[in-house]
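Peer 1: Listed below are the residues making up each chain.
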Amino acid sequence: MTDLQQDAGRSDQAEQATGEEEMRLIAALRAGDESAFARLLDRYHNALVRLALVYVDDRAVAEEVAQETWLGVLQGLGRFEGRSSLKTWIFRILMNTARTRGVREARTIAFSALAVAGDDMDEPAVDPDRFLPPDHSNWPGHWAAAPSSWSQTPEQLLLSVETRAHIDSAIAALPPNQAEVMTLRDIDGWTSEEVCNVLGITETNQRVLLHRARSKVRQALEQYLSEK
Amino acid sequence: MQPANELTCKELVELVTDYLEGALSEADRRRFEAHIAGCSGCRNYLGQMQQTISTLGKLAEEHIDPVAKEDLLSIFRNWRG
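Chains as they are written, first to last, in numbering that gives the first Met the number 0: chain A, 0 to 227; chain B, 0 to 80.
These are calculated hints, taken from the structure and not from any lab test.
Possibly wrong hints are sitting among the right ones.
[As the list claims (entries may be wrong)] In silico DSS-like pairs for lysine-lysine, Cα to Cα no more than 25 Å straight-line:
(1) A:Lys-86 with B:Lys-68
(2) B:Lys-57 with A:Lys-86
(3) B:Lys-68 with B:Lys-57
(4) B:Lys-57 with A:Lys-227
The shape of chain B in the complex, shown without the other chains (with noise of 0.2 Å):
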């Protein structure tokens, strides 16, 4: 029977962004992380909501593109005179 206080994994997915934002109060923190110590699908959503927010950071291009550069560096020319 589960106690009153404890997080079914229903209500801990919700809570999986406050967590990682840092935004859950101190209560709500420890009940997540014993939560989450002690159940391992838990432990693999965080895991996949991390990584999925890991492979997001990899998406952005590192550089423009010579040409669109190029292009807008004429609209500087221009405005400059």
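If we strip away everything but chain A, and leave its shape as in the complex, we get (with noise of 0.2 Å):
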């Protein structure tokens, strides 16, 4: 078995198993049901990509990142067990595959399970010249510059290709450790128990993660749609 795999099949206590729809996909692919495969494909591979992203700036390399995620989830197949669910052993398999491509293409990496919450610099979710100072004395802390209120922007507004951009380059400006965990959660729907078992974190940590992430891309936003 290949370190990738190894990794990827270390179990998890708490983790949900493999549910039987999975089970039967495994089974189904086993015994070489390429429709098997290609609904796996329709399931995962556009978030494979997108989550590799966070490691390797290329969309090509991306692209080579998760096939060769795919391969190790064929070469491993016959050894998996289904201790951890299915999805979480593919993701898995990607992010050792991802890692190690964003090592090889001298990218700096920061390793989910060393960051440590409250270890990087104090990073407030907002610049702390919007509010009062806390010597102010009628509204300590309370906004000097009050946010406006979004009700009234138009979806296809937000929606639109330039607010994406806008909304990619500040993802590709996060660490990678906050930019994992916002893809996953926000972009991809996970669940913060799939998160953190795939990614080999705590809750908090998770957490604070998302949270400055959110901020940041909160404010680009913000700041984007002022000029607007």
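Each chain sits in its own coordinate frame; assemble them with the hints.
Peer 2: Printed below as a string of structure tokens:
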């Protein structure tokens, strides 16, 4: 077994084992059923590429990482025991592949397992200048310049190509450990338990990373929209 | 003068994620909601956060690129033998 598959095979007591539907998929794959593989691709391939992009800059390289991951999945099928969910197993292979590739591409990696909540410098969610000072006579710590309401912002503006490009830049500027949490939670809609299982982090750590990532993206969006 | 157990706006913005995750203690949740009820700036901030999250949720492309899919299916056929 390769290192990638070995790491991905470690079981977590608290983790949900492979469900029935996934076990059927695996059985079908082992039997050479192409439609089962197609279903897995539909389900996970885009999310794999998106997560790989946290570690490698290039879309083409991210596709290669995803491809390598699928190969790793197929080669490890015979040994997969279903102690973790299939999704967790696949994405752990992706994480290992992407991080290894990212290191080879000389990109700075912040390994989630080593990232401790609060080990970065204090990152306030909002620029402290937006608030009145603590010694203000009437409203210490209150908004000096209050945020505006976005309730009237047309949806097509929020979802426009230009806005998406700004959001993508904001995500690309995040430290990898923040980007991966926000990508999995907010873009791919994973539960916090699933994220913690794949990334090997605690619930609290995950929340801190999510908080920092969301704060930065909100700020980037606010800046962009205020210029519209 | 600010009562000692009330949140400032500066404190509130640090609690937004915990609030949305349901991770605040009962007491903190009540403090949070009490502040929000009386502060339009923080209401707008919370709304911006929620809209940021919902916009992120719409970023995922639905369908795998057909060319990429075909390449991957070839890999499957080669593996299967």
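Peer 1: Indicate, hint by hint, whether the structure satisfies it.
Peer 2: Cross-check of the supplied hints:
no. : hint                    : result
1   : A:Lys-86 with B:Lys-68  : holds, 19 Å
2   : B:Lys-57 with A:Lys-86  : holds, 21 Å
3   : B:Lys-68 with B:Lys-57  : holds, 22 Å
4   : B:Lys-57 with A:Lys-227 : holds, 21 Å
The structure agrees with every numbered hint stated previously.
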